Amino acid sequence: MKLLTHNLLSSHVRGVGPRGFPLRLQATEVRINPVEFNPDFVARMIPKVEWAALLEAADTLHLVEVPKGPIEGYEHDEKFLRQMHHVLLEVDVLEGTLQCPESGRLFPISRGIPNMLLSDEETET
Amino acid sequence: MSDVQEATNQLLDVNLDENWRSIQVTGSDPRSESEHLQVTVGATVPTGFEQTAADEVREKLGSSCKISKDRGKIYFDISVESLAQVHCLRSVDNLFVVVKQFKDYQFKETKEEVLKDFEELAGKLPWSDPLKVWKINTSFKKKKTKRKKMNQSSGKEKIDNGQGDKTDEKDDKKGFTNNTLDSHILDYYENPAIREEISTLVGDDLASCKDEKDESSKEETHPEVLKFRVTCNRAGEKHCFSSNEAARDFGGAVQDHFKWKADMTNFDVEVLLNIHDNEIVVGIALTEESLHRRNITHFGPTTLRSTLAYGMLRLCAPQPTDIIVDPMCGTGAIPIEGATEWSNCYHIAGDNNPLAVNRAANNISSLLTKSQIKEGKVSWGLPIDAVQWDICNLPLRTGSVDIIVTDMPFGKRMGSKKRNWNLYPACLQEMSRVCRPGTGRAALLTQDKKCFTKALSGMGHVWRKVHTVWVNIGGLHAAVYLLKRTPQAFVHPSEQDRERTPW
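Protein chains in written order, with full-length UniProt numbering: chain D, 1 to 125; chain C, 1 to 503.
Keep in mind that the hints were calculated from the coordinates and are not lab data. From a predicted model like this one, the values you see are computed outputs, not experimental measurements. Glycine included, C-beta positions come from ideal geometry on N, C-alpha and C. Treat each hint with caution, since some may be false.
What the hints assert, rightly or not - Covered stretches of chain C, going by a simulated chain D footprint (3 or more residues, C-beta under 8 Å):
id: 1; region: 318 to 327
id: 2; region: 393 to 399
id: 3; region: 454 to 467
Isolated chain C, as found in the complex (with noise of 0.2 Å):
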């Protein structure tokens, strides 16, 4: 019998009326059990970012990484009592606790043969410990739940709330839960600046709605079986099998040896099954959704992933009371991942269309709701402001900024290629008179590497190029140039002179 069903069974037999039982499923037994249990833990990162989530993991956790070869996965040791430090990582999509590693697997000729391996792995594998992980992750979860409804918030009329539908509501188990919220928020739609909004999507705590009831239920059949999926990820050339297949019969030998019961949309554990060329990795995820959507309640048509916003961020090394502006903000990703970890400096966040100023604005509204419950701060404000603006012809003092950061259009979803032969020299030039010479510095995402390096060829008196971040954005092959602002001051063409001609 495996140390969930023993704990689970511990709990049916304990006498009690409910709130005894509720105590004892928040309770911790396994927590003092495992007090000084070491474990391995993967993220997945944007990639790309590797190094730069190794530097965080490192900053915060005090812990070495290892760099996966399968890209945009970084492996570190912790104790489990910085489980929630690993949480608050903010260059992680998404956390797993590994089960075991291979580094070199030898799979066998055939597809039947293969999968009859991996039917066979799932009886050997030493799951006890990440399965305490696990269940120590689920309860610190609720308990951050449990926190959040006793703390109340105090109504301002002026929160807007990106909501989202309330039929949108998805059952899931975040650790937010809305319920001190709903009488103080704004309604989503009486918000004047949400009714021109074009979409919208449920993707972050604040905006998926957990209420009393569906709490106490799943506590009521958490002692009963556990519902699971194995979800499978495969790259390599030389494989001969699908993911699919190997996570049905990986699955199948799962419940089997487990008696869980098989669920791929209302699952307790998600069971990882990563393979890469000869590398597979077999976890147990910790975290539901993405982490990657968490400060964005109002989506736009290209909003960048706030992992990636913090990578882009931290490459810059942002130093106290640095001014950082994101001149093409859209939904705002960048200044506001910004003003939530750097929260000593200032930042901007810009763009010329009314749509996405509103956007960012009602984020950062959101945000400051967030914190408030989060940290039961009396804050309201957060060192971040909106302008609407024309990047070309930004009205900001020369030399005034530290730090530019900002996501490019890329001409494929957002503008277009032959706008960005005149609008990248255009943006160039602004940010290079802007930016504070000599220690200014930027970091600019695009897909558009052709067009970026042949307008920044142009301009090596202000701009010089330091690194480039190859990354994958949604499927695109994109970059982060990381440019630093030279010493020399930005000469103003004389006024008659102001018309662009692109090279």
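Looking at chain D on its own, in the form it has when it is part of the complex (with noise of 0.2 Å):
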């Protein structure tokens, strides 16, 4: 899971609505995979993320040189956006679980697929 996707995800555990979302991340494999890149597409990623919800994820993955948040001219700020670009697309969570942050249900990733799946109970009116 890439840290652009759980930065899509929320959890839709009932009743939770909009405070599902950061999900909290944890761990316990992580690879780093080197994709080609797209400075352009960097960029216009930039207004479409989630900047607390990247930092939280980032954090917890013990990532460095992370932005804090964008900068002044950061479409030709070719450092900042190969930091973006590391961070949103290179950082693959393996194995861990994401924690949906209102009701504390935990998802679990593994081969670095997150099971989103709630039970029959969970989905029921």
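With the hints as a guide, dock the two chains, each given alone in a separate frame, to form the complex.
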């Protein structure tokens, strides 16, 4: 699971609504995958990123060199864009958990795939 | 004597040792002769997506297309230099070079006369240029094979590759060779994800093996007699003959003309005889296996053709950095096609079935391995991720997705019609929540058109139907609905009101 995906995921436990974001990340196995750098892609993605969530996730993974927020003129700042590229696309969580911040419900991540299924009881009215 | 015969005779005459001969064969003498050759190429595409394919041809080759009345076929002119790019078209299932096109063929009255005409036709057709193209195409494929062998893939423990049983090796002359891969890829059965695998098919470049021996022995036989087959497709009410009869008699005449050897399975040249009412097209195939399974090495019960996946994605006109989600991805055909062709977007493949998600993840891994070898890239990652989730309860932020493309359960091979009555409205509702208001769009494939239309009718405040493409999926008449998300923001139903009533 890449951090960009984590940035989009939200808990859908009954009754939680928007308070289900962001999911708290814990990782036991992480892999770094080189991904081709596309500065235009990263630059355009910046406005869509939820920064607080990204920083929180990066922090639990002990990532270094993570920009704290969009800086002035970031669109042309290659160093900034490369750092963001790395954080969003190159860090892959293989094993770990995602936790709903409101209900505490844990969702496992296994072989890089988060399992977000709720049980039947959890989805009933 | 045909040009091919002349060329092969020249090769036989060359005085040589083995190395020299192998250079000659891939050596492209034909290429330099025919540098400025213009030919008409025909392509088969998923029915209903002819226009999308024509758009891709215009975009990538600069050629305009004629769309045939024989559905699922388009024709365009190219110069031979563009042949390589033609193979990169992603909306195309199969390619052939046109030998001759008859817009309004006059069939005689009786079967005997018609078949006799076909026999006589064989000798009168302008074979020479198309055969040159075929030859270039074949040598081009051989070059690709040789280049692959030289690329070393740097091994990495986690490569999962759906090689398929080694016993399933097909003896075919595709571009990819697997020599360099073998030692670096996890034994298929060692991969725990695949232990649960139900069905696999050899269907793709990566899965079809071709070892060194086959390669050189094929080159040695190349100067000798070519092997061929004739494939006839016939459609129309007024024909007094069958496709088998036409293939047989036309094929017999082709054999007499060229002195080739007929071989239904292990052929060099595939001659196509396409008859649609009064339109006849004679062609020579440029692709051996349909391109459409190219990305999927792990099949599931209802895997979508890559060409269809491409067409659906293209309908949505993806923009850079669009977030593209397939919430019922199955084997991941759509997101994988997306990540390959629109790598400046971000793709998420999701499904509730663990087998499906695993298959999708494995297909993604196979894709990474393939793109490594193909482009010699160091890249290990692509902008694609997989999640296990429930379509009715997507764990995604509201309004965070730009494009949704999916193949909805038809209710025939997967799910059931009855289940669709509940599923479809729930899907459309949840999809409208995650889709970005105003700019978001969705391309949804389904055969259960009645249920879909009914489900959509209650959702005019969030979804607007923009276009419908009628397609044929394995004999079933299906439709791709292109929807636009209205600007209206999604209103969360109150917490108690979560129970989903169908209408």
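Comparing the hints with the structure gives:
Only when three residues or more bring their CB closer than 8 Å to a CB of chain D does the claim for the region 318 to 327 of chain C stand; here the count is 3, and the claim holds. For the region 393 to 399 of chain C, the stated coverage by chain D holds: 6 residues have a C-beta nearer than 8 Å to a C-beta of that chain, and at least 3 were required. With a threshold of 8 Å between beta carbons, the proposed coverage of the region 454 to 467 of chain C by chain D is violated, since 0 of its residues qualify and at least three are required.
Hint check: a violation occurs at hint 3 only; the rest are consistent with the structure.
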